[in-house]
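Student: Line order of the protein sequences matches chains A and B.
If you use this note's numbering, the first sequence corresponds to residues 1019 to 1183, in order.
If you use this note's numbering, the second sequence corresponds to residues 48 to 114, in order.
Please keep in mind that the hints were generated in silico from the structure rather than gathered at the bench.
One or more of the hints may lead you astray.
To be verified - Only pairs whose alpha carbons sit at most 25 Å apart, straight line, appear in this in silico SDA-like list of lysine to any residue:
{"#": "1", "chain 1": "A", "residue 1": "1175", "chain 2": "A", "residue 2": "1078"}
{"#": "2", "chain 1": "A", "residue 1": "1175", "chain 2": "B", "residue 2": "75"}
{"#": "3", "chain 1": "B", "residue 1": "51", "chain 2": "A", "residue 2": "1176"}
{"#": "4", "chain 1": "B", "residue 1": "51", "chain 2": "B", "residue 2": "69"}
{"#": "5", "chain 1": "B", "residue 1": "102", "chain 2": "B", "residue 2": "74"}
{"#": "6", "chain 1": "A", "residue 1": "1175", "chain 2": "A", "residue 2": "1082"}
{"#": "7", "chain 1": "B", "residue 1": "51", "chain 2": "A", "residue 2": "1177"}
{"#": "8", "chain 1": "A", "residue 1": "1175", "chain 2": "B", "residue 2": "98"}
{"#": "9", "chain 1": "B", "residue 1": "51", "chain 2": "A", "residue 2": "1091"}
{"#": "10", "chain 1": "B", "residue 1": "51", "chain 2": "A", "residue 2": "1172"}
{"#": "11", "chain 1": "B", "residue 1": "60", "chain 2": "A", "residue 2": "1177"}
{"#": "12", "chain 1": "A", "residue 1": "1175", "chain 2": "B", "residue 2": "74"}
To be verified - Computed spacing ranges between beta-carbons, pair by pair:
{"#": "13", "chain 1": "B", "residue 1": "69", "chain 2": "A", "residue 2": "1052", "range": "54 to 62 Å"}
{"#": "14", "chain 1": "B", "residue 1": "111", "chain 2": "A", "residue 2": "1146", "range": "52 to 60 Å"}
{"#": "15", "chain 1": "A", "residue 1": "1149", "chain 2": "B", "residue 2": "59", "range": "57 to 65 Å"}
{"#": "16", "chain 1": "A", "residue 1": "1027", "chain 2": "B", "residue 2": "58", "range": "33 to 41 Å"}
{"#": "17", "chain 1": "B", "residue 1": "111", "chain 2": "A", "residue 2": "1179", "range": "13 to 21 Å"}
{"#": "18", "chain 1": "A", "residue 1": "1149", "chain 2": "B", "residue 2": "88", "range": "40 to 48 Å"}
{"#": "19", "chain 1": "B", "residue 1": "65", "chain 2": "A", "residue 2": "1081", "range": "19 to 27 Å"}
Beta carbons: idealized from backbone N, C-alpha and C, even for Gly.
One letter stands for each residue in the lines below.
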Amino acid sequence: MPSPRKSGAPLQMALLAVMILAPLSVLIAIPWLKEQPDDFVFLYSGIAAAVTVASAFANSILSDRQLDEWQRSNARFSSQWGWAAGAGIVALLIAVPPFRDWMVATVADVADVADVADVADPDQQLVILAFTFGFGGVVLAQGLCTVVLSIVWTTWKSRPARDPS
Amino acid sequence: MKNKIRVLRAERKWSQAELAERVSVSRNSINSIENGHFEPSLSLAFAIAHAFESKIEAVFEWEKPVR
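Bound conformation, chain A alone:
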């Protein structure tokens, strides 16, 4: 039978709020976190990341329950290709000098490191932030590509009939 269309809107909105607020709290707290011990910073950001991932996971399960087979096909297509495209785009962007310079400057700025060219003795904070930003960038690009491909898929499947009967 077609999927029943259950309503879990209030819970989903609450989970969405948590998904936004948890990482936002880390971003807002960056100036304060810079003054805290590293262990506390890792613990705080780790908890925020775990809460974000858990709420996103729960939200995706609730959303999936409400999808019909057309929407599931859309989700399968757009996520499958969106993830690959998003990761590929970030890899290509890293090869573009202006983007690379901007990325290095941003990470150095957040890490409060004056000299980012010291390859022999890299700042641990800088390396961790670079990895974090890189991972975040890939996830963001994958999300954007998935949304774009979902719109493309919807438009393509909603085109007029080839042979109207």
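Given the coordinates of chain A, assemble chain B onto it according to the supplied hints.
Tutor: Leaving out everything else, chain B in the frame of chain A:
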């Protein structure tokens, strides 16, 4: 797979949204199926036929895929 959803809907003066409501799917699903851009599962095809109080073969006609 050909189908007669548009004709059967017109006979009953149903909108795509109304048929979608009757078979518990989105209007986009009905639109894509009706226009031949999405093939429904067997259970959804039966549900659509049931909504029209017709047999499945009266609504859908299988076509051999062209390779």
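Student: Hint by hint, note whether the structure agrees.
Tutor: Going down the list of hints, with the structure as the test:
1. With a C-alpha separation of about 23 Å, the suggested pairing of residue 1175 of chain A with residue 1078 of chain A holds against the 25 Å cut-off.
2. Between residue 1175 of chain A and residue 75 of chain B the CA atoms are separated by roughly 8 Å; this keeps the pair inside 25 Å, and the hint holds.
3. Between residue 51 of chain B and residue 1176 of chain A the alpha-carbon distance is near 17 Å, which keeps this suggested pair within the 25 Å criterion.
4. Taking the CA atoms of residue 51 of chain B and residue 69 of chain B, the gap is about 17 Å. The hint holds against a cut of 25 Å.
5. Using a Cα cut-off of 25 Å, the hinted pair residue 102 of chain B and residue 74 of chain B holds, with the two alpha carbons roughly 22 Å apart.
6. Only pairs whose Cα atoms come within 25 Å are accepted, and residue 1175 of chain A paired with residue 1082 of chain A is accepted, the gap being roughly 20 Å.
7. The hinted pair formed by residue 51 of chain B and residue 1177 of chain A meets the criterion: a straight-line CA distance of about 18 Å does not exceed 25 Å.
8. At roughly 23 Å between alpha-carbon atoms, residue 1175 of chain A and residue 98 of chain B fall within 25 Å of each other, so this suggested pair holds.
9. The straight-line distance between the Cα atoms of residue 51 of chain B and residue 1091 of chain A is roughly 23 Å, inside the 25 Å bound, and the hint therefore holds.
10. With a C-alpha separation of about 22 Å, the suggested pairing of residue 51 of chain B with residue 1172 of chain A holds against the 25 Å cut-off.
11. Distance check on the hinted pair: residue 60 of chain B and residue 1177 of chain A sit about 22 Å apart at the alpha-carbon level, within 25 Å; holds.
12. Restraint check for residue 1175 of chain A and residue 74 of chain B: satisfied, since their Cα atoms lie roughly 12 Å apart, inside the 25 Å limit.
13. Checked against the hint of 54 to 62 Å, the pair residue 69 of chain B and residue 1052 of chain A passes, with Cβ atoms roughly 59 Å apart.
14. Distance hint for residue 111 of chain B and residue 1146 of chain A: a CB-CB separation of about 58 Å, consistent with the stated range 52 to 60 Å.
15. Taken as a hint, the range 57 to 65 Å holds for the pair residue 1149 of chain A and residue 59 of chain B, whose Cβ atoms sit roughly 59 Å apart.
16. Checked against the given bound of 33 to 41 Å, the beta carbons of residue 1027 of chain A and residue 58 of chain B, roughly 35 Å apart, stay inside it.
17. The given range of 13 to 21 Å is respected by residue 111 of chain B and residue 1179 of chain A, whose C-beta atoms sit roughly 20 Å from each other.
18. The supplied range of 40 to 48 Å is met by residue 1149 of chain A and residue 88 of chain B, whose beta-carbon atoms lie about 43 Å from each other.
19. For residue 65 of chain B paired with residue 1081 of chain A, a C-beta distance near 25 Å keeps the hint of 19 to 27 Å intact.
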